[in-house]
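Could you put the whole structure together from the sequences, leaning on the hints where they help?
Sequence order for the protein chains is A and B.
Residue numbers for the first sequence follow my numbering, so the first one is 1 and each next one is one higher.
Residue numbers for the second sequence follow my numbering, so the first one is 1 and each next one is one higher.
I should point out that these hints are in silico values taken from the structure, not numbers from a laboratory.
One or more of the hints may lead you astray.
Calculated cross-link-like contacts (lysine to any residue; reagent style SDA-like; alpha-carbon spacing at most 20 Å) [what the hints assert, rightly or not]:
1) Lys230(A) / Asn175(A)
2) Lys206(A) / Leu38(B)
3) Lys206(A) / Pro108(B)
4) Lys206(A) / Pro78(B)
5) Lys230(A) / Ala44(A)
Far from chain B, some chain A residues (derived; all Cβ distances over 10 Å) [as the list claims (entries may be wrong)]:
6) Gln70
7) Pro129
8) Pro161
9) Gln196
10) Gly219
11) Gly318
What follows is a list of derived Cβ distance ranges for each label pair [what the hints assert, rightly or not]:
12) Pro78(B) / Thr329(A): 48 to 54 Å
13) Pro73(A) / Glu110(B): 41 to 47 Å
14) Asp104(A) / Leu101(B): 40 to 46 Å
15) Arg162(A) / Tyr90(B): 29 to 35 Å
16) Arg237(A) / Pro84(B): 50 to 56 Å
17) Gln282(A) / Glu48(B): 32 to 38 Å
18) Asp104(A) / Tyr90(B): 48 to 54 Å
19) Asp106(B) / Val151(A): 21 to 27 Å
20) Pro129(B) / Thr245(A): 36 to 42 Å
21) Asp326(A) / Pro84(B): 47 to 53 Å
22) Glu48(B) / Glu153(A): 43 to 49 Å
23) Asp106(B) / Arg237(A): 28 to 34 Å
24) Pro129(B) / Asn352(A): 35 to 41 Å
25) Glu108(A) / Glu122(B): 28 to 34 Å
Glycine included, every Cβ here is placed at the ideal spot set by N, Cα and C.
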Amino acid sequence: MAPLRIGRGFSERGLSLGAALLAASVLLFFGPARSTPGLAQTAAQPLDAPFVVADPSTYDMREYPLPESQTNPSPVGRAHSITVAPDGRIWYSGLVQHNLGMFDPATETFRTWDTPTPRSRPHGIQAAPDGMIWLTLTGIPQNKIARFDPVTELFTEYILPRPAPYPHTVWIARNGDVYFTYEYGDGVGRIDRELQRVTDFAIPTKRSRPYGIQEGPDGYIWVVEFLANKIARLDPRTGEVREWTHPRAAEDPGLRRLAIDAQGRIWFVEHEIGAIGRFDPQTETWQSWWMPRYNGRRDQAYALNFDSKGLLYVSNFGGNYIGRFDPRTESWTIYPHISQPVNCRLMAIDANDVLWCAGSATPVLVRLEAR
Amino acid sequence: MPVPRLMGVLAARRALLRRLLPLLAAGGLAWPLGGAVLSQAAPLAQQEPPRTGGAYWAGRYGCVACHGARGEGTPIGPPLTGRPDSPLSYEVYLHQVRTPLLLMPDYPPEVLPDERVLAIAEYFWSQEPAR
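This is the structure we're talking about:
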């Protein structure tokens, strides 16, 4: 059958091809290419984003020297992760000194408590709405979760049923359940709010290094897999786990920690290359932005947190700064650290949008208030 | 104080001031307030480290989290420093990575290839043993 001719001799196939090319050209020229799902999947290289180094008059950054333990003194690594309690006090996990620390911003004083388990290596930390402080203990036997009551100053330790899954980052869900990643156990654990039962959920990918964890506004528990470069979603009702592979997983960007915005989009750091990324579960699309190269480096992006205005704060080890990314303008503001290097780990933002973090390379508690 | 000695002291002080002034001008005066430090020193120019080699892979696969940044050992991981003719030979490394004793996670070849295990071993061999 002869092809249908239209007008001055164009075939139907040729006309369709021409129309498609014309439409593609118009889209490429005028359209928002970065938000077009098909293009985002294939052109997922991080975008360059403009940056400025913050004018010192626009912010206040302070460093408070962290106290050295009397029982397990260490020159560095005195604090790892940070959380802000409902009363505004700052709590930190003393990974190397095997203790729990507290800083009271009102009096600018510290207190510490050794954990009942010696050499416990507290790592993840999260304050619950009831004021309880939850910790993951990564010391041998690497299967304990601790809860600290600031009123009675007593620890309660929970032994997990799995041998040595290495409970890492902890997150308190809105219903009070306690979730944590098993960094070397390819899974997620949960202590229900009545503290009567531990449930484990397997992540399908082997040696994925589940790392950051957070509950989304959709009620799912979201996890980033540091070694597998995937995002996992746990349905706490059914136990189903679904994974999405980063489109540049072959380049090993290193999805390490995450933050979830009000629209339920998953933001994460690409630790190995010094970028941040965003995954939209609604459209299943990805986009990334480079962090600024400051003082010659931008590698080792680490933690990220949203403030109440939707601005994203990101710690960067290589450049030794805290970056603030505005998703609306896609631009950065850099707040250089005072000491060198600091290596701020898991951060927290208080009710006044003041950022707190602790250095694992220099033993300081960092307070950043950007105006 | 004899005049020559006084002149020497003053000259030393001027030299010290000359060395400190650029630092102070570049970074601002570090000034403690309420126990806190408020301003930064001038940053040192750096380069991003290569994303390959034993030091990089030891970090990427989490070896240093338990064994220390230079393999010096921690409460949850034994020291790994030592020469290749020590008991920690490449064969021992490879066996431990694939079928570990105690608490260490296993890494299959598709996650941690043999050549990277060798690079990691060479990195720790090159480090001075902890004293």
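- request: Against the structure, test the hints numbered earlier, and report the numbers of the ones violated in rising order.
  value: Numbers 1, 2, 4, 11, 19, 24 and 25 - these are the hints that the structure violates, sorted from lowest upward.
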